[in-house]
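Each of the two chains sits in its own frame; use the hints to bring them together as a complex.
Protein sequence lines correspond, in order, to chains C and U.
So for the first sequence, my numbering puts the first residue at 216; every next one is plus one.
So for the second sequence, my numbering puts the first residue at 510; every next one is plus one.
Read the hints as simulated data drawn from the structure, not as lab findings.
Treat the hints with caution; some may be incorrect.
[Stated by the list, open to error] As a list, the in silico SDA-like pairs of lysine to any residue whose alpha-carbon atoms are at most 20 Å apart:
1. U:K611 - C:A282
2. U:K512 - C:L261
3. U:K606 - U:K572
4. U:K611 - C:M275
5. U:K606 - C:E259
6. U:K611 - C:K283
7. U:K606 - C:S302
8. U:K512 - C:S273
9. U:K606 - C:G243
10. U:K606 - C:L261
11. U:K512 - C:I241
12. U:K512 - C:S302
13. U:K611 - C:I241
14. U:K606 - C:A282
15. C:K283 - U:K606
16. U:K606 - C:I241
17. U:K606 - C:S281
18. U:K566 - C:G313
19. U:K512 - C:K283
[As the list claims (entries may be wrong)] Here's a subset of chain C near chain U, in silico, CB distances under 10 Å, partners left out:
20. E259
21. F280
22. A282
23. C307
24. A308
25. R325
Beta carbons are placed, not taken as given, at the ideal position from N, Cα and C, and that holds for glycine.
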Amino acid sequence: DAGVIQSPRHEVTEMGQEVTLRCKPISGHNSLFWYRQTMMRGLELLIYFNNNVPIDDSGMPEDRFSAKMPNASFSTLKIQPSEPRDSAVYFCASSLTGSWRGYTFGSGTRLTVV
Amino acid sequence: SQKIEQNSEALNIQEGKTATLTCNYTNYSPAYLQWYRQDPGRGPVFLLLIRENEKEKRKERLKVTFDTTLKQSLFHITASQPADSATYLCAPTRDDKIIFGKGTRLHILP
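Bound conformation, chain U alone (with noise of 0.2 Å):
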């Protein structure tokens, strides 16, 4: 079955280092795939999208690479500050129907 596997424990960075967040994805070829951003008692927001045929995208302190040979995602943000706080979910796409990851806490220490 499809499995989708993000750091299961929360990451906690200085703020102003580059946070980077992996998603790898299992028994799944997804033509797209999405970074939201998840705060507590809210719904997911959408943050990014790139393309089974792009390597890398980029979204002002934001860049999501997608390696589909490694089956694998990996989301920067950069000049990390503390209200970049939040979970950050990973959703391979494929057929206009998406399976989220169960997330990653990210904690921005000031």
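This is chain C alone, in the form it adopts within the complex (with noise of 0.2 Å):
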């Protein structure tokens, strides 16, 4: 297996646009993860999904995020429209869940709103 993919890398973005991060989980995992991670506040969950359907959203910032699962293979953060303070390492994790086996995450999206 490839692991947890996502896309893009790094994204540089103006104030006000709208950007969009994709994540592909591991094959068979049915539980997926947004994290976001800063300097100052370390990983923060932003939101989760388990079988594709979202389960706490708790950690979303704001309206301005919305994250969708339409299927077991994809998933998409969405900031509409950014600020600079998003600036930020977006990682997607996947699971499966009672495994005991733990959280694999992908290498990250480096987001930076100018």
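What follows is the structure, given as structure tokens:
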């Protein structure tokens, strides 16, 4: 398996633009997580899905952020409009519920909003 | 609110010695606790998981303890090597939702 695949690896955008981050989880995993990492706040859970259904989105900063999982092999995190304070590394992770094998993380998308 | 504390300062350890990292948590009752390693520019990588009814877990040169009374986990790397240099993240977990500490940067000095 190629692991969790995220795209793009790097994104530079202007304030106010829409940004879409993409994630392909490991085949067979039924939970998917979106995290944001900054030096100040560390890794923050934004939202997680189980069997394609959003379970907890309490970490989503505000209405500018939205996430979808239309099927078991694809998820998106969208920011519209983007702001400079959204600059961070965004990670997607997947797991198999109850497997006790931890989460598998992607390589992340480094987002810079100027 | 839930709070997770790890050594905020970087830890410098001489090669060959044992490195010990601490994770304390408050206002939380995790069912299990995970440890991850993160290298610069990469995502975290799962290392070990210990359940609330386990006191100690070992994997090769790694050892983790979990004290639910003290609300603390210790992570040990024995016979440390420069390749062990990385940031190590503690992650108490309940209901399939992980909350991560900010991590401890470990430097193994040759």
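Provide an ascending list of the numbers of those earlier hints which the structure does not satisfy. 1, 3, 6, 7, 11, 12, 13, 19, 21, 22
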